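Take a look at the letters that make up each chain.
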Amino acid sequence: MRPLRRCWNRFLGLFAGSRRETELSDEIAAHIEMQTEDNCKLGMPPAEARRAALVRFGGVEATKESYREQLGLPRLETLVKDIRFAVRTLRKSPEFSAAAILSLALGIGAATAIYSVADAVLLRSLPYPELSRLVTVSIDGAIPAPMKEILHRESRSIERSALFTSWWFNLPGQGGPERVPAARVSAEIFDLLGVRPQLGRTFTTEEDVEGRDNVVVIGDALWKRRFGGDPGVLGRAVRLNDKVYTIIGIMPPGFRFPEGPEHHAYVGPFPPAEMWRPMALVKWEQTCMGCFNFAMLAQLRRGATPAEAAAELDAIVRRHTPPHPGPTGLTILSLQDAVTQKVRAPVLILLAAVAMALLIACVNVANLLLARGLRRQEETAVRLSLGATRWRIVQQGLIEALTLAVCAGLLALPISWAAIRGLVALAPVGTPRIEDVSPDPRLFAFALCLALATTLIFGIVPAVLMASRAPGSAIKTGARSIGGRSRLRAALVIAECALSLVLLVGSGLLAKSFLAVSRVHLGFRPENVLTLQLSLPEARYDDSHRVSAIDNLLARCRELPGVTGAAAVSTLPLSGEAEGWGLVAEDHPARDRDITARARGITPGYFRTIGTKLIAGRDFTDSDKPSNPVAILSVAAARALWPGVAQPLGRRILDRPPVTVVGIVEDTHASGLDAAVRLYIYEPFSEFVSSDFALTIRTASDPLSLAKAVKAEVRKIDKDLPVTHVAAMTQVVADSIAPRRFEAVLMTLFAAFGTPG
Amino acid sequence: MEDKSAVWQGTLALMVLQSLEALGPLHGYGIARRIEQTSGDLLAINHGTLYPVLLKLEQEGCIASEWGVSDNNRKAKFYRITRSGQEQLASETRQWEQTAGIMARFFALRGTAQ
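From first to last, the protein sequence lines are chains A and B.
Residue numbering for the first sequence follows my numbering, starting at 1 and increasing by one per position.
Residue numbering for the second sequence follows my numbering, starting at 1 and increasing by one per position.
Hint data in this document are derived by calculation from the structure and do not stem from the laboratory.
Since the model is a prediction, treat every value here as computed from it, not as a measurement.
Beta carbons are placed, not taken as given, at the ideal position from N, Cα and C, and that holds for glycine.
A hint or two may mislead.
As the list claims (entries may be wrong) - Cβ-to-Cβ under 10 Å is the rule here; a few derived chain B residues that face chain A:
1) Gly-28
2) Ile-45
3) Tyr-51
4) Pro-52
5) Lys-56
6) Gln-59
7) Gly-61
8) Arg-74
9) Ala-76
10) Lys-77
As the list claims (entries may be wrong) - Using 20 Å as the maximum straight-line C-alpha spacing, the simulated SDA-like pairs for lysine to any residue come out as follows:
11) A:Lys-711 with A:Gly-562
12) B:Lys-77 with A:Glu-33
13) A:Lys-41 with B:Arg-33
14) A:Lys-64 with A:Leu-54
15) A:Lys-243 with A:Gly-173
16) A:Lys-41 with B:Asn-72
17) B:Lys-75 with A:Arg-19
18) A:Lys-512 with A:Ile-737
19) A:Lys-64 with B:Ile-45
Next up, chain A with everything else stripped away, as it sits in the complex:
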């Protein structure tokens, strides 16, 4: 207790130093005066009395010195002096200091930022209690509703299961309707995930039936944004897509299911759902074995492994589908993998790259420190011969290194913060849980420790080497470098070059694949095309009404000055994908397996507007009638259906009634520039039931200059229609390869940073 108190008081003494010393001087002066007076009283002459008093007291200065030694903490004072000295030395060589601090700070900052992103989007577990038992089940990316029933009924490894699919709701509001990402989900899904609403309830199985499904559960963010967090919204009726739903529950903050990527493999970027309505399968969905419209979430029985389940389900699928030799396409993915599958490879690549960059920074700084240590041989030798202890010299080296690392660490904090903000802002749409990214203090600490270790080792090595040699010999050799250490430097340079080379090659490869993707033959010409997405609510627009509204709108758009073509399409290229449609050629009915094509509903003139070449036959016309159904095939689809037939015009696809092929168009990369070309079948828009669609408008000049006029035309038709995703088609193309560009740019940055200048 007492020594502790003394320590504390000595610490305080550090700050009271000068005051205490004047006090001591006064005290000593008074002491000597008093003694002098007493001596005078004893009869000494004044001069003699004062001399005797001084002798009696002993050395005044020696007293002050030993007093001073006890006053503060001399060790700490030396430390402060050393730090001051280190800062001064660093300031004396600003290029060295700036280079060392900056490269360490960038390395630490970048590593912290990338790791924080990786942690949020990839490494951190999804917040569901029994996550390890949750899997998604799909066949070629999706599953038909009756197949889910079959799997659920016949499988022993599945305990519970549910269907889900993405959906949009038009939520009316003062600023016009808002398009809210939503999901259709089976009632069981909330139990499967083990998440309860924070208010109200989720739907019951009785409500998961067509006709009784007018209930909706909303997300926390939407609740706060649109309803001001008012608990009174429970029981309130809202009009969604022109149907009335009752809000029955509010999910807790952070509940995001589906997040998008775990979905059908072919669905494009889809934001996490904020509203949930019952699945309530309609009649045809319950029985259609060819409608690959859903995603399936399953909870495995305790003890069942995904591999066993996959084998069992594969056998079940085989029993219930027409026999064919190929694989069934059945895939089981853990929910965690399903969510992160698309980001895994890029994030791991970035992690490796940033680790490399950090290593390079450390090697770089090591090299700088070593070089400087060698330059200071002479100085060290002089100090040693002047009597500095070896420990003092090592200690000073240590403190200089620490100062460097701490400066770098402090600078790395804002760098990592800015880098994280940048990464979040630049990250491609659909990156899961990107909102959750926050700087990770653990990694920051790790990176800082690495920097500390580097600076310590390489800051002290020269000092220790110098200190261990005889002072005389050091002066004699002067500043000439010594063999051992120049080998060490050479090794460092080699390591640095090797690491940089890896980074350079990596970034080169990424850049190359990015270029390859951006040079893919699109199969359409995106220049001078304006696109926007519209949704005509089913409740207000029945099929015939919808077709006439669209025709009306297109006619108005074509009359706008500068418009050279306008058409509608059910799914815009590179903006998601429609479900697969199994095609069977009428004259080849017994093929092993259906040919799956993606369907698009288009209005006449679509190919001309988007710039896709008609290879043979004709485009649709207004006189195509549902009684005599027609279709246009992409080259690849025609080739798959009728191999060896050059232009299968007039041939028919099996359906009721059969569909006649009237035209063949070039292949398009409509579902992703980096995906293989898919097969496409185009149908007249009037025969294709789709409430969501896109307008494409070809213009003579900058397409975005017409955006306002086109939106005004939409409002003239119906002022309550939400218009979204207004963009030039070139932008849509660029966005679709944003993830690759993002990786390539980051890698190039790391490589540039890591390459020795």
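Starting from the structure of chain A, add chain B where the hints point.
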């Protein structure tokens, strides 16, 4: 050398505490005089050595100081013993007495042997 001075500092500190306990608040010169008188001038110390000891005792909280005016109207710093100093004094006095007692018995033992 350090050990010797540590012992000396410890003994001197004990004398300071005892003086302050016996006479009440004193200034540095007063303490020095008191020690000289009590030791019958056998212990001729440099008065200067007293001040680091006073600082140490103050840092430990055994004594407290404040500026005051001496008998002959001179500004001086007065030291007084604190509660914690009194405890320290009591325990150290006990230790000294014990040590002195043991040493005395040792010397007595040698005397009987002769």
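Structure-based check of each hint:
1. Gly-28: 5 Å, holds
2. Ile-45: At 8 Å from the nearest chain A Cβ, B:Ile-45 passes the 10 Å test, so the hint holds.
3. Tyr-51: At 5 Å from the nearest chain A Cβ, B:Tyr-51 passes the 10 Å test, so the hint holds.
4. Pro-52: 5 Å, holds
5. Lys-56: Hint on B:Lys-56: holds, closest Cβ of chain A at ~6 Å, below 10 Å.
6. Gln-59: 4 Å, holds
7. Gly-61: 5 Å, holds
8. Arg-74: Nearest chain A Cβ about 6 Å off; hint holds.
9. Ala-76: At 5 Å from the nearest chain A Cβ, B:Ala-76 passes the 10 Å test, so the hint holds.
10. Lys-77: Since the shortest Cβ distance to chain A is 5 Å, the answer is holds.
11. A:Lys-711 with A:Gly-562: 15 Å, holds
12. B:Lys-77 with A:Glu-33: Judged against 20 Å, a Cα distance of about 13 Å means the pair holds.
13. A:Lys-41 with B:Arg-33: The given pair, whose Cα atoms are some 15 Å apart, holds under the 20 Å limit.
14. A:Lys-64 with A:Leu-54: 14 Å, holds
15. A:Lys-243 with A:Gly-173: It holds: about 15 Å lies between the C-alpha atoms, which stays within 20 Å.
16. A:Lys-41 with B:Asn-72: 13 Å, holds
17. B:Lys-75 with A:Arg-19: 17 Å, holds
18. A:Lys-512 with A:Ile-737: 13 Å, holds
19. A:Lys-64 with B:Ile-45: It holds: about 16 Å lies between the C-alpha atoms, which stays within 20 Å.
Going down the numbered hints, you'll see the structure goes against none, and every one checks out.
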